[in-house]
Amino acid sequence: KAGVTQTPRYLIKTRGQQVTLSCSPISGHRSVSWYQQTPGQGLQFLFEYFSETQRNKGNFPGRFSGRQFSNSRSEMNVSTLELGDSALYLCASSLLGGGETQYFGPGTRLLVL
Amino acid sequence: DAKTTQPTSMDCAEGRAANLPCNHSTISGNEYVYWYRQIHSQGPQYIIHGLKNNETNEMASLIITEDRKSSTLILPHATLRDTAVYYCIVRVAEGSSNTGKLIFGQGTTLQVKP
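Sequence order for the protein chains is A and B. The opening residue of the first sequence carries number 3 in the numbering used here; numbering runs sequentially from there. The opening residue of the second sequence carries number 19 in the numbering used here; numbering runs sequentially from there.
Simulated from the structure, these hints should not be mistaken for lab results. Take the hints with a grain of salt, since some may be wrong.
What the hints assert, rightly or not - Looking from chain A toward chain B, a few residues come up when the C-beta cut is under 8 Å (computed):
no., residue
1, 13
2, 44
3, 84
4, 86
5, 105
Claimed, not checked - Stretches of chain A that chain B covers, calculated by requiring three or more beta carbons in the stretch to come under 8 Å of a beta carbon on chain B:
no., stretch
6, 45-51
7, 106-112
As the structure is a computational prediction, the values presented were derived from the model and not from experiment. The beta carbon of each residue, even a glycine, is placed where N, CA and C say it ideally should be.
Here chain A stands alone, though its shape is the one from the complex:
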């Protein structure tokens, strides 16, 4: 079974632009969670989607948003990029969310100049 895939793997943007990242979960998994990893803050939870609904949200500004499609694929969007948004963005999928094991993708590395 294929793992979690994320596209693109690398991205360079400039301040003020917006970016959309994509995540395809493991086949059959319906929950997708997003995380941001930076050297200073470590791995931090952004949000979780299940059945096209945001079920949980971390402590990030409204510039960070996401959505999930009927096939469980998810996208996250960051508007008005700031230098501090440079990070590794990871998504993880699980069968139904809740207390189940999450499996991570390889991540998208975003550099904001």
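Once you have looked at the hints, place chain B on chain A.
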């Protein structure tokens, strides 16, 4: 904040067992202990999890103390490819509003040396 405490770094000789400790003194009765590892800039890899009994799979063993306040991840025969950051995570209880959320601490950097 993370509910776990881990040493910042550890070394292990190749071929020897690596024993990674984790303290989680405030763990609740229905919270699981999860272990993930992250090899440089890749996505975290799930290793193992447990509730109260010891667990073993093809990658590792997880030993949880009887009072559940600490645990140890054991890699029985460490190889150079096991060099990574290892995260011990207490999973937020099922049924709460935060079940889809993993809270990562700083983890333990394990360096396996030849």
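**Asked** Do three or more residues from the stretch 106-112 of chain A put their C-beta atoms closer than 8 Å to C-beta atoms of chain B?
**Response** Our answer is that it holds, as 5 residues pass the Cβ test (under 8 Å) against chain B, meeting three.
**Message:** Just to be careful: measuring from the Cβ of residue 84 (chain A) to every Cβ in chain B, is the smallest value less than 8 Å?
**Reply:** Hint violated; residue 84 (chain A) Cβ to chain B Cβ min 21 Å, cut 8 Å.
**Asked** Holds or violated: is there a CB of chain B closer than 8 Å to the CB of residue 13 (chain A)?
**Response** For residue 13 (chain A), the interface hint is violated, since the closest Cβ of chain B sits about 14 Å away, which is over 8 Å.
**Restraint outcome when residue 44 (chain A) is required to lie within 8 Å of chain B by C-beta distance** = Check passed: Cβ of residue 44 (chain A) comes within 6 Å of chain B, closer than 8 Å.
**Message:** Is the interface hint satisfied for residue 105 (chain A)? The criterion is a beta-carbon contact with chain B at less than 8 Å.
**Reply:** Holds - the Cβ of residue 105 (chain A) comes within 8 Å of chain B, reaching about 6 Å at its closest.
**Message:** Closer than 8 Å Cβ to Cβ for three or more residues is the test here. Does the stretch 45-51 of chain A pass it with chain B?
**Reply:** holds (count 4)
**Message:** Just to be careful: measuring from the Cβ of residue 86 (chain A) to every Cβ in chain B, is the smallest value less than 8 Å?
**Reply:** violated, 18 Å
Violated hints, in rising order: 1, 3, 4; the structure is consistent with all others.
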